[in-house]
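Engineer: Please build the complete structure, drawing on both the sequences and the hints.
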Amino acid sequence: MSKPIITLKHVYKNYGDTNVLHDINMTLEAGKFYTLLGPSGSGKTTILRTIGGFVTPSSGDVLFDGQRINDLPANKRQVNTIFQDYALFPHMDVYDNVAFGLTIRKTPKEVIEKKVLRALKLVQLSGYEDRSISELSGGQQQRVAIARALVNEPQVLLLDEALSALDMKLRKEMQVELRDLQQRLGITFLFVTHDQEEALAMSDEIFVMDDGKILQSGTPVDIYDEPVNHFVANFIGESNIVPGKMLSDYRVEFVNKVFECADAGMKPDENVEVVLRPEDLDIVAPDAGKLVVTIDTQLFRGDYYEVIAYDDDHNEWLIHSTNPTKDDQRVGLFFEPEDIHVMRYGESEQAFDARLETYED
Amino acid sequence: MKRKQVLFEMPYFFWLAFFVIAPILLIAYQSFFNIRGQFTLGNYATYFTSATYLRMTLNSVWYAFLITLFTLLISYPTAYFLHYTKHKQLWLLLIILPTWINLLLKAYAFIGIFSQDGSVNQFLTFIGIGPQQILFTDASFLFVATYIQIPFMILPIFNAIEDLQPSYINASRDLGANNWQTFTRIIFPMTMSGVKAGVQAVFIPSLSLFMLTRLIGGNRVITLGTAIEEHFLVTMNWGMGSTIGVVLIIAMFIIMSLTGEHKKKGRKHND
Numbered sequence: 001m002s003k004p005i006i007t008l009k010h011v012y013k014n015y016g017d018t019n020v021l022h023d024i025n026m027t028l029e030a031g032k033f034y035t036l037l038g039p040s041g042s043g044k045t046t047i048l049r050t051i052g053g054f055v056t057p058s059s060g061d062v063l064f065d066g067q068r069i070n071d072l073p074a075n076k077r078q079v080n081t082i083f084q085d086y087a088l089f090p091h092m093d094v095y096d097n098v099a100f101g102l103t104i105r106k107t108p109k110e111v112i113e114k115k116v117l118r119a120l121k122l123v124q125l126s127g128y129e130d131r132s133i134s135e136l137s138g139g140q141q142q143r144v145a146i147a148r149a150l151v152n153e154p155q156v157l158l159l160d161e162a163l164s165a166l167d168m169k170l171r172k173e174m175q176v177e178l179r180d181l182q183q184r185l186g187i188t189f190l191f192v193t194h195d196q197e198e199a200l201a202m203s204d205e206i207f208v209m210d211d212g213k214i215l216q217s218g219t220p221v222d223i224y225d226e227p228v229n230h231f232v233a234n235f236i237g238e239s240n241i242v243p244g245k246m247l248s249d250y251r252v253e254f255v256n257k258v259f260e261c262a263d264a265g266m267k268p269d270e271n272v273e274v275v276l277r278p279e280d281l282d283i284v285a286p287d288a289g290k291l292v293v294t295i296d297t298q299l300f301r302g303d304y305y306e307v308i309a310y311d312d313d314h315n316e317w318l319i320h321s322t323n324p325t326k327d328d329q330r331v332g333l334f335f336e337p338e339d340i341h342v343m344r345y346g347e348s349e350q351a352f353d354a355r356l357e358t359y360e361d
Numbered sequence: 362m363k364r365k366q367v368l369f370e371m372p373y374f375f376w377l378a379f380f381v382i383a384p385i386l387l388i389a390y391q392s393f394f395n396i397r398g399q400f401t402l403g404n405y406a407t408y409f410t411s412a413t414y415l416r417m418t419l420n421s422v423w424y425a426f427l428i429t430l431f432t433l434l435i436s437y438p439t440a441y442f443l444h445y446t447k448h449k450q451l452w453l454l455l456i457i458l459p460t461w462i463n464l465l466l467k468a469y470a471f472i473g474i475f476s477q478d479g480s481v482n483q484f485l486t487f488i489g490i491g492p493q494q495i496l497f498t499d500a501s502f503l504f505v506a507t508y509i510q511i512p513f514m515i516l517p518i519f520n521a522i523e524d525l526q527p528s529y530i531n532a533s534r535d536l537g538a539n540n541w542q543t544f545t546r547i548i549f550p551m552t553m554s555g556v557k558a559g560v561q562a563v564f565i566p567s568l569s570l571f572m573l574t575r576l577i578g579g580n581r582v583i584t585l586g587t588a589i590e591e592h593f594l595v596t597m598n599w600g601m602g603s604t605i606g607v608v609l610i611i612a613m614f615i616i617m618s619l620t621g622e623h624k625k626k627g628r629k630h631n632d
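Going line by line, the protein sequences match chains F and P.
All residue numbers for the first sequence refer to my numbering, where the first residue is 1 and numbers rise by one.
All residue numbers for the second sequence refer to my numbering, where the first residue is 362 and numbers rise by one.
None of these hints come from the bench; they were simulated from the model.
Misleading hints may appear alongside valid ones.
[To be verified] Listed next, with one range per pair, are the computed distances between beta-carbon atoms:
(1) F:Tyr15 x P:Tyr469: 22 to 32 Å
(2) P:Val381 x F:Asp71: 58 to 68 Å
(3) P:Leu525 x F:Asp167: 22 to 32 Å
(4) P:Tyr469 x F:His91: 18 to 28 Å
(5) P:Phe544 x F:Leu72: 12 to 22 Å
[Claimed, not checked] Covered stretches of chain F (chain P as the covering partner; in silico rule of three or more C-beta atoms under 8 Å from a C-beta of chain P):
(6) 44-54
(7) 294-304
Every residue, glycine too, gets a C-beta built ideally from N, C-alpha and C.
Structural biologist: The following block contains the structure:
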């Protein structure tokens with residue numbers, strides 16, 4: 001484990017009676033790509049602004065490199081932010097925008113020029129120095145914003161919904177570029193997004209947030225495979241969530257059938273929720289399936305078919321299939337015991353992690 | 362659709378034709394006639410060769426400049442702090458309120474305040490300085506003119522500051538600028554449009570102020586406005602009055618083009 005660069009300890013933020021952040025604890029290690037993922041209003045941007053120095057927490061501590069920085073003004077912090085609207089200064093050209101931070105620090109002219117040109121090269125905008133901001137496309141403005149932040153050599157870069165203004169294709173390109181840039185520079189990125197695909201694709205670690213709380217943190221794979229609750233399961237990827245009952249360790253009952261599963265550590269006959277990912281469901285012949293369903297509709301999504309089917313108890317099942325099916329056809333659904341993920345009601349992340357350790361090696 | 366549009370535009374065109382274009386043409390036409398009604402270029406010759414007129418022009422420009430400067434110095438900070446106050450709409454209303462009162466009434470009010478036994482002199486007597494000559498001085502003229510122009514400067518600046526996205530200020534702070542650097546490098550340049558609009562709204566009318574020069578300035582301050590009034594109402598030399606009018610109109614166009622939007626020239630950084 002490398003050294004923590006930013007730590008939030010029991011951070012709360014209230015505006016009057018509204019609780020925007022509720023007991024936020026997080027540790028960011030140097031050189032990693034972190035993502036705060038959550039719906040709008042979940043408090044993710046507030047966390048970013050707390051670290052950037054634009055919001056003072058109501059209680060709790062913000063540490064930078066072990067030093068408490070709660071009261072340090074934004075202009076004295078070694079972090080830089082890329083704002084959602086980029087906030088490029090329209091009265092300056094590209095060069096002056098990128099050079100802004102350096103001129104404030106009274107850096108010698110030759111050094112500024114060298115660094116600015118290098119930063120622009122890094123974001124593939126060499127030759128754009130004299131352009132005015134209004135002449136740039138959205139993607140180019142995005143790059144200027146990145147260069148303007150990186151030229152100050154921050155230890156942490158905060159990105160507030162940085163890609164949300166771009167169109168789909170450009171966005172995917174920038175995801176790759178940002179990830180690549182972060183790995184080359186080796187600085188810590190904290191990225192805020194409501195787009196789960198973006199979070200899964202880019203992050204070393206994701207913090208899933210809702211309603212001012214961090215619900216779960218972990219690697220993209222961990223969070224996708226082992227969501228801690230209904231909200232996380234629903235928010236990250238698509239899922240089939242059905243109520244069930246944990247009969248005993250490794251045996252779960254749902255849709256009135258008993259299945260073998262890979263989860264344990266719960267009370268006998270505890271009511272639980274069961275998650276099955278659509279891509280883990282295979283369409284087979286009715287007698288070979290663990291469940292029998294009737295196909296309702298299917299949508300062609302390009303690289304797969306999104307199939308909606310109903311079982312005899314009228315539960316809806318979402319299936320991602322590589323092959324087309326026929327409407328109203330009866331088919332079997334097959335899945336492995338590991339594909340079943342059982343979630344307890346109201347289990348916290350800590351309790352979840354502790355339970356997992358009791359039966360996983 | 363198209364015909365309806367034309368119909369709606371008619372009143373505007375008539376207004377423009379009768380009250381803007383026609384008067385300008387009339388003034389321009391009139392300026393080529395001398396006092397005996399003969400066609401002449403003499404008015405212009407007189408204007409540009411007479412030391413009196415040139416001094417008057419300089420005087421007008423100088424006073425208009427001072428009025429604009431004082432107005433700006435007071436209005437920018439006012440607009441800036443107004444932006445951060447709680448009940449800004451109420452404060453703004455209070456600032457606009459004096460503009461609803463007739464200029465002449467305000468001028469008479471100031472005569473009362475500044476006169477020999479006015480409230481200012483009463484106060485000066487009270488604190489032991491004794492009554493001073495305040496009315497009919499350059500200072501009182503500048504004071505009252507500035508007072509009258511302030512709302513016209515505050516409004517456009519206030520709007521420009523309100524339009525400024527807070528994320529620009531955050532970005533500037535984020536990049537290491539302190540409050541003063543943020544103000545000089547981001548806030549002030551980005552609200553220049555408001556300053557320019559305010560300067561236009563104040564400088565041009567200030568060039569031709571004439572009532573205040575009489576009532577408050579006591580004719581010690583002679584501007585082009587005073588000269589026009591004098592020519593039209595006293596000497597009846599309409600030709601000369603129109604000539605000065607034409608000069609003022611041209612000056613206005615010059616000011617407008619100076620304070621208008623300019624395309625920024627590109628600049629080379631790397632050679």
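Engineer: Next, verify each hint and record whether it holds.
Structural biologist: Taking the hints in turn, this is what the structure says about them:
no.: 1; hint: F:Tyr15 x P:Tyr469: 22 to 32 Å; in the structure: violated, 51 Å
no.: 2; hint: P:Val381 x F:Asp71: 58 to 68 Å; in the structure: holds, 59 Å
no.: 3; hint: P:Leu525 x F:Asp167: 22 to 32 Å; in the structure: holds, 28 Å
no.: 4; hint: P:Tyr469 x F:His91: 18 to 28 Å; in the structure: violated, 44 Å
no.: 5; hint: P:Phe544 x F:Leu72: 12 to 22 Å; in the structure: holds, 21 Å
no.: 6; hint: 44-54; in the structure: holds (count 3)
no.: 7; hint: 294-304; in the structure: violated (count 0)
In summary, the structure is inconsistent with hints 1, 4 and 7 from the numbered list given earlier, while agreeing with the others.
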